[in-house]
Amino acid sequence: MMTSVLPLIITLGYVAVAMVIGLRARGGRSMSSLEEWGVAGRSMGPVTLYLLIAAGSVSAYTFMGAPGWAYAKGIPVFYVAIYLAYLALVAWYFGPKVWAFGERFGHVTQASAIADRYQSPMLGALAALVMSVGSVAYAVLQTIGSAYILFVMSGGQIPIWAGVVLVLSCIAVYLYVSGQRAIGRTNAFQGVLMLIVAWSIGLWATHSASGSWNFGTVFARLQREHPEFLTLPGAGGDMSFAFWTTSILVSMVSFMPPVWTQWMSAASARTIRRSATWLPTYYLVILPMVVVGFIGIFTLPELARADTVALEYAMQHLPALLVGLLGAGTLAASMSSCEPFLHSVALTCSRDVLQPALKLSDRQAGRLARWLLFPLMALVIAPLAIAEPGNLVMILLIGLGFASQVLPAFVGMFLWPRANRAGVAAGILAGFVITVAFTTLWPHPLGIHAGFWGLLVNLPLFVLVSRVTAPTDEAVVERFFRIAAPWRYRSLARRTPSLMSAAAGAAPVSARREET
Amino acid sequence: MSQYFVLPSSWRGWLVLAGFVAVIVAGIWPVIGLVNRPVLVMGLPAVAVWSYLIIFACCGVMALGNLLVAEEDGDDD
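Residue numbers (my numbering), protein chains in the order written: chain L, -19 to 496; chain G, 1306 to 1382.
None of these hints come from the bench; they were simulated from the model. Just so we're clear, the structure is a prediction, and the values are computed from it rather than from any experiment. All residues carry an ideal CB built from backbone N, CA and C; glycine is no exception. Treat the hints loosely; a few may be bogus.
[Stated by the list, open to error] Beyond 10 Å from chain G on every Cβ pair, some chain L residues (computed):
| no. | residue |
| --- | --- |
| 1 | G8 |
| 2 | G196 |
| 3 | W224 |
| 4 | R253 |
[Said to hold, decoys possible] Chain L regions said to be covered by chain G (calculated; three or more residues, Cβ under 8 Å):
| no. | stretch |
| --- | --- |
| 5 | 11 to 17 |
| 6 | 103 to 111 |
| 7 | 392 to 403 |
| 8 | 456 to 468 |
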């Protein structure tokens, strides 16, 4: 138990700064439209977008889970760095197209794009609801992490329930006031803070453990004493080549709704490309924290909970200033990942579920999305975070399982014009059932990720059903693929200029809704 | 509208696609098996160094894509 109050002051100081930044992000703009509150009026520049996506994807896992994995398993932890880099490739290719869909057709959520492409509000609402289940579970886990940090930094003086209330209240207020702009600004601050904290902690811990600033001294000792930590399947023996490979591939094709919203918040398609190009460099943040986990193998051999290794090491061996910075950095990581998910759930429930069901105007849906934050946090997130139900991780896994199985919807949006509603629904349903069964009943058969098994059934069924059922309306498909594959139309126009000019005249201009 | 899968239409597009596939293949089996040894490279585990090489290779491939296909892909629309 800590005696200094400095770590708590630094951690609470971070909360206060985040609050001020979040509130000031609004900058006098009206937040009454979904376009402004939901996607920041599509205005974010490349640096803000870089830090927004980077900080959003680097959760408390980087400061707690990743050192814990290094401590318990060793080198398998680096699969995270690889799949995060691959997510940047995904953002580079798909992000500009998603942005263009949103800009031309008025989409502000992932589910609204699905509903539009497949001409099925029902499919959009289903995607919104199930993605929301996974998003809520993820947000709850991040909230628990935030409250735990406040509990530790206060030496037990701030109980978990009070930490949950404090963190959610801050997020609720600045999200309500500034929407996606608050997420952009606070994530930018949190992203820079996390980078500084991770490298400070990693270097200082290395120096305190080995007398050198060089990470190599830690690994040289590890190589002599515990070489099993340096190769797959790791010291735990559970990260086979098959699981490493399929985990990376499944994580790479899981398009979570907040990421979609982040892409739509960019000022232009080119902005996304510029941010995505350098996004992988941010994941250097993982290396120093992983080194702290490896140091724990020698210094904290009897630790009960692997994911507390960085905190425990800091409290026992580092100065109070660095402990406080670690608390602030970990809290920043939790909050920066939590807030996009909360925002996305409120946005998609309003836009894709309640707006079509209650026939609301865009302005009414925009107001509703903002107000939904409060019941969402007070009645769902806070009780779950305080109660910490044992099956929360299972709910998260099921939600993420669904996220990986929505792949056919995106294949049909970007890569295959023949995809239709029936094919997508059949693929998602079959893949989801397989993924849930292989997550809960028979976990990861043959050491292959459950989501990968799901895709093995999902994708062939999706293609088969799409081919034997009626295609989607040609005009809708053309509207999407003029953006997803514009070169097809350019080459067609060169071959048949008269035909194309007639077709262009017949194509719908835009599906953007008029604000009432 | 063609009903076939979208594929690149120029050698530039194919080159960038090949780069994407190459960096993805580099991070998974069987390639990862080739670097899976308990040796240190520049003081870091071989798999860790390989992971960070992949990270920088991803940046390189995307930078190449910006040069070669961004306009073709409708970035400036």
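Take the stretch 392 to 403 of chain L, compare each residue's beta carbon with every beta carbon of chain G, and decide whether three or more fall closer than 8 Å. holds (count 5)
Coverage assertion for the stretch 11 to 17 of chain L with respect to chain G, Cβ distance below 8 Å, three residues required: Violated: only 0 residues of the stretch 11 to 17 of chain L have a Cβ under 8 Å from chain G.
Take a quick look at R253 of chain L and tell me if its Cβ sits farther than 10 Å from every Cβ on chain G, holds or violated. violated (6 Å)
Closest CB-CB distance from G196 of chain L to chain G, is it above 10 Å? violated (2 Å)
Against chain G, does G8 of chain L keep a CB gap of more than 10 Å to every residue? holds (31 Å)
Within 8 Å of chain G (C-beta), three or more residues of the stretch 103 to 111 of chain L: Violated, because only 0 residues of the stretch 103 to 111 of chain L bring their Cβ atoms closer than 8 Å to Cβ atoms of chain G.
Determine whether the non-interface label on W224 of chain L survives the test: each CB of chain G must be over 10 Å from its CB. violated (6 Å)
At a Cβ distance under 8 Å, does chain G reach at least three residues of the stretch 456 to 468 of chain L? Coverage by chain G holds for the stretch 456 to 468 of chain L (9 residues, Cβ < 8 Å).
Comparing the model with each numbered hint stated earlier shows that hints 2, 3, 4, 5, 6 do not hold.
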